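A.B. asks: Could you build all of it, start to finish, from the sequences and the hints given here?
2 protein chains.
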Amino acid sequence: MVKRSGRRPGNQDTRSSILEAARQAFAEKGYDGASIRAIAGDAGVDPALVHHYFGTKEKLFLAVMNAPINPGELIPQALSGPRDAAGERLVRLALSVWDSPAGAAALAVFRSALSNEWTARLLREFVVTQILRRAVSELIDDPAEAPLRSGLVATQIAGLMVTRYVLKIEPLAGLDPEVLVAAIGPNVQRFLDGPLPKI
Amino acid sequence: MVKRSGRRPGNQDTRSSILEAARQAFAEKGYDGASIRAIAGDAGVDPALVHHYFGTKEKLFLAVMNAPINPGELIPQALSGPRDAAGERLVRLALSVWDSPAGAAALAVFRSALSNEWTARLLREFVVTQILRRAVSELIDDPAEAPLRSGLVATQIAGLMVTRYVLKIEPLAGLDPEVLVAAIGPNVQRFLDGPLPKI
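These protein sequence lines map, in sequence, to chains A and B.
Using numbering that gives the first Met the number 0, you'd call the opening residue of the first sequence number 0 and step up by one each time.
Using numbering that gives the first Met the number 0, you'd call the opening residue of the second sequence number 0 and step up by one each time.
Hints were generated in silico from the structure; no laboratory data involved.
Only a predicted model underlies this, so the values are computations on that prediction, with no experimental measurement involved.
Keep in mind that the hints are not guaranteed to be accurate.
One copy or any two copies: either way a pair holds, since identical chains are not told apart in the list.
Claimed, not checked - In silico DSS-like links for lysine-lysine, alpha-carbon gap of 27 Å or less:
(1) Lys58 <-> Lys197
(2) Lys56 <-> Lys197
(3) Lys197 <-> Lys28
(4) Lys28 <-> Lys56
(5) Lys167 <-> Lys197
C.D. replies: As structure tokens, then:
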């Protein structure tokens, strides 16, 4: 049991205990399987305290991952505007994050997912299932196609990240973002509204 | 100086010395900057012996990387056939390698490049510049466009690899290769023969 006396909002021990319990829960049960209630139990605190410190499960997860940005807050940028230019907006949004001051930390999470099974699982469940799939559902006519279409979009966005920022392949690494938006945006658009093969 | 007596073709010390000198030379000078002559000098052997053991610089490089396949030997498969289906053939070729018994080792080299600066540099110089760019040059009308077009193709192929095999994102991870060929091939094709933005 964590000692619960003292000024709670400023109690770094309690905050750390919750983060540690959350890290273990996410690692063992995945994003979907972990619950605030169980995490609170493991940390020996009331669930209300978890909400007090971290807000939603999504925000707790982002804190565990040391995420520099909340992808869920950025997605509306990609949704607003003409639907037939959504591919370009998604590429522009991804580049703007990675080229920003928070980009290095976002890259660190991504790199970690490439060598660490549980980070990979969480990135997969959280970024792809929670964030990207939700956004893609808003951009397409048939929600049943969201898993495949968002997966295909993920291939292009992840590949742009790996080649430009990790492998630093030229000319990609040095190109103006808008050149990449113009070159790659229409391909992402085709993944959103082009024909799909029968599965 | 490596002792040069004994049965040379079977001399594991000499072979190891050459490999070690080559590893250092590739790491320090990159693929283009490293020369067989300099590597032989560092290993204290005659350049002819390097050729005897390893053949070309390309093959020496593949030996240093423990590469399970020689991409240069696979590329002709992607080149033969109608040019407007080259995108599909490139995706099919990539999937056939990664799904093959050699796939795990190929993935290991790729993973290593994601966390190791010198492997990244070599993968960049070798796979992208030597192999992919050469192949793409054969598939397009204006060779001056080869760097950008092959870079764009690399974003899609690398992204497919990362999402399907490393992050194991569903439904991508479990899909039949031909479904992915049909879904992604046309996008690679657009990178080969579609419009390019002004740089």
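A.B. asks: Is it within, between, both, or neither for Lys56 and Lys197, if the alpha carbons may be no more than 27 Å apart?
C.D. replies: neither (36 Å within a copy, 44 Å between copies)
A.B. asks: Under a CA distance limit of 27 Å, which applies to Lys167 and Lys197: within one copy, between copies, both, or neither?
C.D. replies: between (35 Å within a copy, 21 Å between copies)
A.B. asks: Using 27 Å as the alpha-carbon threshold, which applies to Lys28 and Lys56: within, between, both, or neither?
C.D. replies: Classified as within; 14 Å inside a copy, 48 Å across copies.
A.B. asks: For Lys197 vs Lys28, is the C-alpha pair at or below 27 Å within one copy, between two copies, both, or neither?
C.D. replies: neither (32 Å within a copy, 48 Å between copies)
A.B. asks: Since the copies are identical, ignore which copy is meant and state whether Lys58 and Lys197 lie within 27 Å (CA to CA) inside a copy, between copies, both or neither.
C.D. replies: neither (37 Å within a copy, 41 Å between copies)
Hint compliance for this structure: hints 1, 2, 3 are broken, all remaining hints hold.
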